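Student: This is what each chain is made of:
Number of protein chains: 2
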Amino acid sequence: MEILTSNQNQRVKDWKKLQSKKQRTKTSSYIIEGWHLIDEAQKSGKEFEEIMVVDPDDLDDLNISSSTSIFQITEEIADHISSTKTPQGIFAVLPTESYHEEVPDDVKGRWILLDNVQDPGNLGTIVRTADAAGLKGVVLGGSSVDIYNPKLIRSMQGSHFHIALYSGDLDEWMNKFKQNEIPVFGTELNENAKSYKDVGHPSDFALVMGNEGNGMSESLLSKTTQNLYIPMNGNAESLNVAVAAGIVMFQLVNS
Amino acid sequence: MEILTSNQNQRVKDWKKLQSKKQRTKTSSYIIEGWHLIDEAQKSGKEFEEIMVVDPDDLDDLNISSSTSIFQITEEIADHISSTKTPQGIFAVLPTESYHEEVPDDVKGRWILLDNVQDPGNLGTIVRTADAAGLKGVVLGGSSVDIYNPKLIRSMQGSHFHIALYSGDLDEWMNKFKQNEIPVFGTELNENAKSYKDVGHPSDFALVMGNEGNGMSESLLSKTTQNLYIPMNGNAESLNVAVAAGIVMFQLVNS
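The listed protein sequences correspond, in order, to chains P and G. Each number in the working numbering comes from the position in the first sequence (counting from 1) with 2 added on. Each number in the working numbering comes from the position in the second sequence (counting from 1) with 2 added on.
No lab work stands behind these hints, which were simulated from the structure alone. Incorrect hints may appear among the rest.
Chain copies aren't distinguished; within one or between two, either way the pair holds.
[Stated by the list, open to error] No more than 20 Å apart at the CA atoms, straight line, and that leaves these computed lysine to aspartate or glutamate pairs for DMTMM-like: (1) K19 x E52; (2) K138 x D108; (3) K196 x E49; (4) K153 x D121; (5) K153 x E239; (6) K138 x E99; (7) K45 x E239.
Note that the structure is predicted; figures quoted are calculated from it, not measured.
Taking the hints into account, I'd like the entire structure generated from these sequences.
Tutor: Have a look at this one:
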């Protein structure tokens with residue numbers, strides 16, 4: 003175990019830089035922090051490249067492989083490399099995984115497709131909710147958010163260790179679902195839209211959610227097999243996209 | 003109309019300070035920004051104390067009373083006083099309202115009670131969702147978040163203009179609901195909890211949601227008439243509190 007005490011140390015600088023996509027791409031690695039994410043990574047059998055702790059006693063609770071480099075850091079360093087206000091004093095660096103761009107030929111099961119959802123907090127919450135609802139996967143389309151963005155990682159709460167994540171062209175994905183005779187549900191109120199409660203609980207579906215400001219793109223909307231809406235009794239004009247996705251997903255899976 | 007060009011102007015400094023609770027309390031006013039909130043305020047018949055625009059043509063789309071002070075500001079000032087990265091160039095100052103602390107004697111209808119939900123983004127999203135679901139009101143208990151916190155205001159998307167907001171002691175509120183024979187639903191998995199789908203669609207209820215990290219406090223949990231849980235098929239351990247609140251509210255109101 004190496005002991006680091008200065009924010010000027012090159013390793014500390016490199017960890018800090020992992021908050022940027024550029025550094026993550028360059029090193030093919032990303033950083034997680036806090037017990038919940040560390041636990042989830044371990045439960046999913048992930049091996050850490052590096053682990054950094056303020057209190058070395060914390061290492062007793064970890065399964066660390068022989069290839070993991072271990073560092074004891076100061077609270078000052080923890081504050082410096084953390085992306086939160088109240089760091090828990092435990093961090094790890096993991097290799098990034100390449101998210102498959104190709105649509106699987108035999109795509110089936112329950113999926114959510116996100117058209118240009120940009121806010122990392124909303125995006126992460128949707129991935130977490132899809133995981134909780136037992137969906138098979140999430141496809142990020144048209145989004146420039148990097149899957150290893152620290153805010154996204156935090157919002158996913160470890161769900162990226164459980165659920166299949168793809169980034170890809172939603173047009174291709176929708177075609178594939180339709181070829182397999184799987185319903186593709188859009189979400190936008192129009193004259194042909196049905197209430198989200200009126201389509202049963204199909205064992206295979208693709209639910210497409212749009213960007214909160216602009217909704218689904220017209221070209222994708224025209225390719226859905228059915229559009230759904232959530233009837234609203236009150237005065238709010240719309241729902242937060244992560245809340246809307248949660249309401250529809252839990253209804254469709256009948257959970 | 004007064005034209006302001008410097009961030010050093012005292013008024014500009016005062017607007018900037020409205021991001022702090024201290025200044026809001028001192029002046030009994032708060033700031034909103036962007037067209038959506040300005041529109042919602044107008045639709046709800048609110049009068050502005052001050053209105054600030056980068057482009058004076060924007061004033062044509064506003065109903066401004068004779069008591070409103072109007073300012074033309076520069077983009078630099080807009081950037082300075084905004085709490086967002088991409089300000090829309092329109093701001094207004096409104097008087098704060100005192101949120102009633104006393105529980106109404108004849109409390110009925112559909113309510114959500116929030117036990118110590120601290121994150122302003124989640125809190126605001128829950129208020130917005132409660133508004134969309136047609137609930138009668140939201141009670142903030144044990145929370146130190148100020149209702150006029152800029153992040154909360156942004157997340158509510160104007161719903162605080164539509165739905166009754168109270169801050170108060172949840173213990174008292176729960177007693178009042180029970181005196182009126184209105185079910186008080188807690189949300190925590192325990193041996194007596196029912197699925198949120200199995201309690202029908204009561205026209206009067208109080209739904210209590212806890213803090214995401216700690217759940218509902220034990221003392222409140224012991225006072226509920228029924229605890230509810232959301233069955234989860236997947237691997238995520240929990241849901242985001244705003245998503246969970248949305249799923250349960252829309253089920254209870256049968257929307």
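Student: Look at each hint and say if it fits the structure.
Tutor: Quick rundown of the hints versus the structure:
1. Within a single copy, K19 and E52 get their C-alpha atoms as close as 15 Å, which meets the 20 Å cut-off; across copies the closest is 43 Å, which misses it.
2. In this assembly of identical chains, the alpha carbons of K138 and D108 lie at most 20 Å apart only when taken from the same copy (13 Å versus 47 Å across copies).
3. Taking CA atoms no more than 20 Å apart as the test, K196 paired with E49 passes in neither setting, with 46 Å inside one copy and 39 Å between copies.
4. In this assembly of identical chains, K153 and D121 lie within 20 Å of each other by CA distance both inside one copy and across copies; the values are 9 Å within and 15 Å between.
5. With identical chains, the CA atoms of K153 and E239 are at most 20 Å apart between copies only, with a shortest distance of 19 Å across copies and 27 Å within one.
6. Taking the shortest Cα distances, K138 and E99 sit within 20 Å of each other inside one copy (18 Å), while across copies they are farther apart (47 Å).
7. Taking the closest pair of Cα atoms, K45 and E239 come within 20 Å of each other only across two copies (13 Å); inside a single copy the shortest separation is 41 Å, beyond that limit.
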